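Undergrad: Be aware that the sequence shown starts at 10, since it is given in the working numbering, and climbs by one per residue.
No lab work stands behind these hints, which were simulated from the structure alone.
None of these values were measured; they are calculated from a predicted model.
Mixed in with the good hints there might be a few duds.
Stated by the list, open to error - Quick list of in silico lysine to aspartate or glutamate cross-link-like pairs, EDC-like style, CA-CA up to 20 Å:
1. Lys192 with Glu222
2. Lys71 with Glu50
3. Lys183 with Glu222
4. Lys192 with Glu231
5. Lys183 with Glu118
6. Lys183 with Glu39
7. Lys71 with Glu94
8. Lys183 with Asp152
9. Lys192 with Glu113
10. Lys183 with Glu94
11. Lys192 with Glu119
12. Lys192 with Glu241
13. Lys183 with Glu119
14. Lys183 with Glu231
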Amino acid sequence: MPALSITSPDDPRIGDYLALTDVELRTRWEPPNGLFIAEGELVIQRALRAGYRMRSALVDEKRADQLTGLPPEAPLYTAPPPVLEAITGFHVHRGILASFHRRELPAMEEMLAGARSLAVLEGLNTHTNLGALFRSAAALGIDAVVLSPNCADPLYRRAVRVSMGEVFAIPYAKSDDWPGTLKAIRAAGFSLLAMTPGEGAVSIADLTPAQRERPALLLGAEGPGLTRTALEAADARVVIPMHNGVDSLNVATAAAIGFYEITR
10 MPALSITSPD
20 DPRIGDYLAL
30 TDVELRTRWE
40 PPNGLFIAEG
50 ELVIQRALRA
60 GYRMRSALVD
70 EKRADQLTGL
80 PPEAPLYTAP
90 PPVLEAITGF
100 HVHRGILASF
110 HRRELPAMEE
120 MLAGARSLAV
130 LEGLNTHTNL
140 GALFRSAAAL
150 GIDAVVLSPN
160 CADPLYRRAV
170 RVSMGEVFAI
180 PYAKSDDWPG
190 TLKAIRAAGF
200 SLLAMTPGEG
210 AVSIADLTPA
220 QRERPALLLG
230 AEGPGLTRTA
240 LEAADARVVI
250 PMHNGVDSLN
260 VATAAAIGFY
270 EITR
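Take these sequences, add in the hints, and give me the full structure.
TA: Written out as structure tokens, the structure is:
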């Protein structure tokens, strides 16, 4: 399909891309309408390889002739940088954005049955941390991710970008029954391991072979950590030993260390 020139941010054809920096607006618009935005060629190609269907693409007009591998049935819109910035709310330095259709999430029961290791996230609501965590989970062999109802959206543009598209590489499901899902995880045969620097936690390096058989690493939000309810639902509490008076790590960093340890 030939490129279609956009000269005004009010053009109704590019409604998917309006105000991309407005988190509240995008949260109200994207999931209910079954779409998400991917940014950058690498991330877009990973979304396509994962089987997501492209709705359209929006690109700096100077780069339109350089693009390859985009589905011909999806409209390709071009605009000069000032118009791109007026549409999106930021300087599109990566040159290309694409709108994709979401897919139905896997059923929780089926996802648990097909996994050997899990990341279980409670209240993780920072998109950058969530994206980094998904990238580590995919790289370090975690089979699936379980999200509590108040977690951020893994397909929000910033989360997708920080993950370098690895949110497409690992299945995830969002709980609608918390903490009931924690009980379901244990009932499915996982050892639920709550990561916390609090009292009663043992070094994650000291997990038993039985705890490593089907581990589910439970992580809380940056700052408050896991709720008491989540801690009480766990089979064990684990901690990464610290030095020099440091009491905690960024949750994405702690998750990466934890993933490496439970899958090695």
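Undergrad: For each hint, tell me whether it holds in the structure or not.
TA: Right, here's what the structure says about each hint:
A hinted pair counts as satisfied when its Cα atoms are at most 20 Å apart, and Lys192 with Glu222 qualifies at roughly 18 Å. In summary, the hint linking Lys71 to Glu50 is supported, as the alpha carbons are separated by about 15 Å, within the 20 Å threshold. With a C-alpha separation of about 24 Å, the suggested pair Lys183 and Glu222 falls outside the 20 Å cut-off, and the hint is violated. Annotation: proposed proximity of Lys192 to Glu231 is violated, straight-line Cα distance about 23 Å (limit 20 Å).
Proposed proximity of Lys183 and Glu118 is supported: the alpha carbons are some 11 Å apart, at most 20 Å. A hinted pair counts as satisfied when its Cα atoms are at most 20 Å apart, and Lys183 with Glu39 qualifies at roughly 16 Å. For the hint linking Lys71 to Glu94, the alpha-carbon distance of about 15 Å falls within 20 Å, and the restraint holds. Annotation: proposed proximity of Lys183 to Asp152 holds, straight-line Cα distance about 15 Å (limit 20 Å).
For the given pair, Lys192 sits about 24 Å from Glu113 by alpha-carbon distance, which is inconsistent with the 20 Å threshold. For the given pair, Lys183 sits about 33 Å from Glu94 by alpha-carbon distance, which is inconsistent with the 20 Å threshold. Restraint check for Lys192 and Glu119: satisfied, since their Cα atoms lie roughly 15 Å apart, inside the 20 Å limit. Note on Lys192 and Glu241: the hinted pairing holds, with a Cα-Cα distance of about 11 Å set against a maximum of 20 Å.
Of the pairs offered as hints, the one joining Lys183 and Glu119 holds, with about 13 Å between alpha carbons and a cut-off of 20 Å not exceeded. Restraint check: the Cα-Cα separation between Lys183 and Glu231 comes to about 19 Å, which is no more than 20 Å; the hinted pair holds.
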